[in-house]
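Colleague: Listed in order, the protein sequences are those of chains A and B. At position 39 of the first sequence (counting the first as 1) the number is 39 in this note's numbering, and the numbers step up by one without a gap. Adding 1000 to a residue's 1-based position in the second sequence gives its number in this note's numbering.
Just so you know, not all the hints are guaranteed correct.
Negatives, chain A to chain B, calculated, CB over 10 Å [as the list claims (entries may be wrong)]:
1) Ile38
2) Asn51
3) Ser95
4) His110
5) Val173
6) Lys231
7) Ile244
8) Ser249
9) Gln280
Across the chosen pairs, the derived CB separations fall in these ranges [to be verified]:
10) A:Ser95 <-> B:Asn1050: 28 to 38 Å
11) B:Val1060 <-> A:Ser95: 44 to 54 Å
12) A:Asn73 <-> B:Ile1111: 32 to 42 Å
13) A:Gln22 <-> B:Lys1213: 33 to 43 Å
14) A:Lys264 <-> B:Ser1216: 50 to 60 Å
15) B:Asp1045 <-> A:Leu72: 16 to 26 Å
Hints listed in this document are in silico derivations from the structure and should not be mistaken for laboratory results. Keep in mind the model is a prediction, meaning the values are calculated, not measured. Using N, Cα and C, we set each Cβ at its ideal position, and we do this for glycine too.
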Amino acid sequence: MITLENITKQYIGSKDEIALNQVSARFDSGLIHGIIGISGAGKSTLIRLLNQLESYDKGNIQIFDYTDLRHLNKESTRMLRKQIGMIFQTDHLLSRKTVLDNILLPISFHRKITSEDKKFAQDLLQEVGLSEYSTRYPEQLSGGQRQRVGIARALINKPSLLLCDEPTSALDVITTGQILQLIKATAKNHSVDVIIVTHDMYVIREICDTVTVMDKGRIVEHGDLDDILFKAKHPQTQAFVKEIGLDLSSVVQQFDPKELLLLKFDESIVKDSIISEMIQTLSVTASIVYANVTPHRIGIMVIHAPKRIDEIKLFLEKHKVVVEDVI
Amino acid sequence: MLFNLEISTYLDALWETAYMTIASTLFVFAIGLGLGSLLYATDKDGLWENKTLYKILSTVTSALRSIPFLILIVLLIPFTRILIGTILGPTAALPALIIGASPFYARIVEIALHETGSDLKETGLSFGATKLQVLFRILIPESLPALVRGITVTAIAITGYTSIAGAIGAGGLGNLAYLYGYARNRILITIAATVMIAILILLIQVVGDLFVKKLSKKY
């Protein structure tokens, strides 16, 4: 678990603009956390505080066994950084080293590279789908492949936390999807918590469990993905949600909220035809007014049922669907 | 005999020029790399940002570069006499050549390291590298092709300097062109010395390019 308490930071030389203003947040273990905001919102600065690439002026950060990061000595800072892998917007690979040597580089800052390290690097390379590329050089790879090498490199020191700073901003849509799934899969395999910074709601929807929305150096909204996607309160959050074509509120306004049900279901039942079964079994009318079903995530659906809504609720819950009221 | 002058005289002159160029280039590479790294490291966004130190280093570097080479030699005469024991001959030219060319190369190093850039600096630090590791294991190796290109340009500039030094007592091809050629009104000797210097410079360029090619060629 990582906690930030009342963090304030101002860049030297910028008199009026505060990079981070009284920021408090908590990032639980075992999850993928997304931080979204427009340029200059302070999101990159925020994750750079965690591995002390940036320092803060006031407040306190707790991460792993470390507290009060500002006053860590050089050696502790290095040890902290060793436990935190980082992926950047562009790959930041060394052009004059092979793929394998690039992956091994973070180890070499701490100790001599052993044959086990090389074996592990090769395993990671296989995991990111590039086992044939160990002796190639970065410029022989595509942008997506380079980012895969970046992921392997970030995991070589067996970190507990993976920071991703706009990891897909330089990639096309299809590659973005692949890289995000890879981050998710590797994070799970290696039991690494992930914090992703992005300006793209698509990234958030694709893999994040929690979302933190930042605006002008402040956290304006924070919650689980579903809450952010469907119950956004802050205008900035609503604007991001609209960007990916999700605008539940405008749909909901057209109906009596008492006649609406919000259904959530995971992949285990996504293939069952529950809705049509329900309509047949109960012989009720129900229409789908809104749905968002992405294959990797929990599906969301809003149905409008003017009559016998309690029966419908019971039926669905029996079929492992989570039913909630809308707003 | 060539233009009434022993071939060995030409060869001796060529050797002296080559010696002055190679010896001072080696020193300039080391000193320039050190000074250039310091300039980069103390500048804004450098590894050890330090405004005051950067200003001092930068001013000294610029000041040294602004002194015309001929004047630098004269200024350094007392220093050279103490260090080398004489102010004549190719070795006596080395202090002036090194002090004259090092700031030039330092600036090239500084630019090359900046180009390699803050991204890689941050990457190294994020993986727990020390600042020295970032400099020696990331920034300098990544900048190597640019550093070699830079030292090639510098070596060629040094070859030019050696002929100025040669004309006032350091020997070499400059001495041949000026003393034997110009002063005795034997234009052909001047031309011969010029051609030899041109060949030497071409050779430096070819060797430099070869190194860069070797460094950049990875597959």
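Colleague: Under the constraints set out in the numbered hints, which ones does this structure not fulfil?
Modeller: 2, 3, 4, 11, 13
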